[in-house]
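Make a model of the complete structure from these sequences and hints.
Chains A and B supply the protein sequences, listed in that same order. Heads up: the first sequence is residues 250 to 537, going by our numbering. Heads up: the second sequence is residues 72 to 330, going by our numbering.
It is worth saying that the hints were derived from the structure and are not from the lab. Small disclaimer: the values here were computed from a predicted structure and weren't measured. From the three backbone atoms N, C-alpha and C, an ideal C-beta is built for every residue, glycine too. The hints are all genuine.
So the derived label-pair ranges between C-beta atoms look like this:
hint: 1; chain 1: B; residue 1: Leu120; chain 2: A; residue 2: Phe448; range: 18 to 24 Å
hint: 2; chain 1: B; residue 1: Asn92; chain 2: A; residue 2: Tyr422; range: 26 to 32 Å
hint: 3; chain 1: A; residue 1: Phe448; chain 2: B; residue 2: Asn92; range: 28 to 34 Å
hint: 4; chain 1: A; residue 1: Met366; chain 2: B; residue 2: Thr105; range: 37 to 43 Å
Only part of the chain A face toward chain B is listed, based on derived beta-carbon distances under 10 Å:
hint: 5; residue: Thr373
hint: 6; residue: Lys375
hint: 7; residue: Tyr406
hint: 8; residue: Phe417
hint: 9; residue: Ile437
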Amino acid sequence: MDDKYYDYFLEFPYSKIKTNYKEISTKDQLYISKSRLTFNDKVEYIKFIKEIYKSIVKNKEDFECIDLIEFLFFIIKNRIISNGPSMELITEVNGMNAKINLNLNDILKNIFNGLDMSLLNIKTDKFIVNIGFPCLKDFEKVFNSKNNTIDIINSFYLFIKTVNNIEFINLTYEQREMLYNQLPVSLIVKIKENIFKIFQNFENINIFNIDFFKNFKLNIYSDSYIEIIKIFSLYDIESIHRELYLLSDMNSEYLMKVSPTERKLYLNFYIAEQKQKSGGGANPFSME
Amino acid sequence: MEDNILDFNKALNELSQLANNYSFDVWVPSENKTIKFNEINAFQQKQILSGSMDTSIYSKKFNSAIYDIIQNNCSEDISKFTILDKILICLQLREKISNVIKIQNNNDKIDVNISDVIEKLKTSYIHPKESELKHNNISITIYPSYISEEKLYDDTVLIDNKKAEDIKNTDDIQTIISDAFIGELAKSIKNLKIDDNVIELTTLTFKQRMKLVERMPASLIQDVLNIVSEWKKTIDEFLTVKHEDQTVLVKIDPLFFIG
Chain A
250 MDDKYYDYFL EFPYSKIKTN YKEISTKDQL YISKSRLTFN DKVEYIKFIK
300 EIYKSIVKNK EDFECIDLIE FLFFIIKNRI ISNGPSMELI TEVNGMNAKI
350 NLNLNDILKN IFNGLDMSLL NIKTDKFIVN IGFPCLKDFE KVFNSKNNTI
400 DIINSFYLFI KTVNNIEFIN LTYEQREMLY NQLPVSLIVK IKENIFKIFQ
450 NFENINIFNI DFFKNFKLNI YSDSYIEIIK IFSLYDIESI HRELYLLSDM
500 NSEYLMKVSP TERKLYLNFY IAEQKQKSGG GANPFSME
Chain B
72 MEDNILDFNK ALNELSQLAN NYSFDVWVPS ENKTIKFNEI NAFQQKQILS
122 GSMDTSIYSK KFNSAIYDII QNNCSEDISK FTILDKILIC LQLREKISNV
172 IKIQNNNDKI DVNISDVIEK LKTSYIHPKE SELKHNNISI TIYPSYISEE
222 KLYDDTVLID NKKAEDIKNT DDIQTIISDA FIGELAKSIK NLKIDDNVIE
272 LTTLTFKQRM KLVERMPASL IQDVLNIVSE WKKTIDEFLT VKHEDQTVLV
322 KIDPLFFIG
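As structure tokens, then:
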């Protein structure tokens, strides 16, 4: 909970960036859940939540260089450690409310296993090209590409991580595009083929592994990427406020800094205390 | 920032050098030999494709992009490469993108294997030689125009860059066709001999050449036209591909370079 300490460690699977990080705070949780409702513009939305997640990692500079899929991994992973590995959605199916239980660890595995990692490396006799999804810092460039083939293909230089020993990701867009344009066309053809195969890989992933979501496809160029992030940013705001109300005897500043898991722990203490006080009778504020 | 620029320039240089080593053999029919060419790069492919947006009726942008590519990517002197060589060079450069192209024919898309077309050309196509044509005391030598001449013609004659929307009436169409016709002949005629006086047309400006062509006897012009048409017909036969019951012509235009 202390601002100085980042007590979890993570190595991102594609970029291999390592960082310590911590759980989101109650305050972050409220902002994350509210922002999914308040931002209509997807660029502004990602900008906002990126800043929240960046604030909880130690290696802030490198965090900008994780790719967009790794950012999604991080959001899910952070939800697991901050709020637990399961998530319950309530939706209407055939006019009736139905509960959908999501196992976040399984979802992480589904996304990770859906990508054929061999597509990320291209070797020819003179070139070794490492590709991957565009970096988090490039998200505006990606989201501002119109969802048409020409615009998407013109943004493919954003997928290049390295060519031989040349690092692309720390260069300006203009520089990256100029370097990309130097590549022989037969290599470009291979790069495009692999990128399209990666898209196809993601199209084929049943991320949630449940029928209800089977048509939900992960595509960074469509709104589905944002929608998936919004699903994992979904928290019941009313419940959070109810918990805060119940715990109002505690220092509110402290309470806003604790993680959702810690808050739930305090709440359980409170409920147990109330039960004891009322001689084991039903608690009017029970969350169960 | 300065470090970034230094690193970038180093990287650019490194990639350019590597790309320059990405060469392959291209058969040039007028020379009847293979010559090393670098593959086109992504920038050059974009330059070609931007030709598809050219609303000029002369395809100047596309011709210019192809000329620049041949000049930059060829390891030898290109001044004697002809417009027929250009077709073969384009086919072989395109083959590096992929050896199959999809051609729209009526409502069907037909896959054409351009490696087969190239192979057929390599084994059977013979580049035309110079021909001499005579009419009374006038004789001329004709040869497929050089791409360097074509470039010069585009840059000096087609400077007004006429667009389709500039054609207002049948007179405009007639002028454009007749200028193009005279221009094509002027590109193919190398020299003109009247009695014992030889005029090398290549030493004249295109406007001067076109003036001379306009004054040539009609029967001579017809003979030139027949030969130029024969050159085109011969190469088109190689570029014509049969697919089941359909026949399609492989056209070398900007869209031909889409992978």
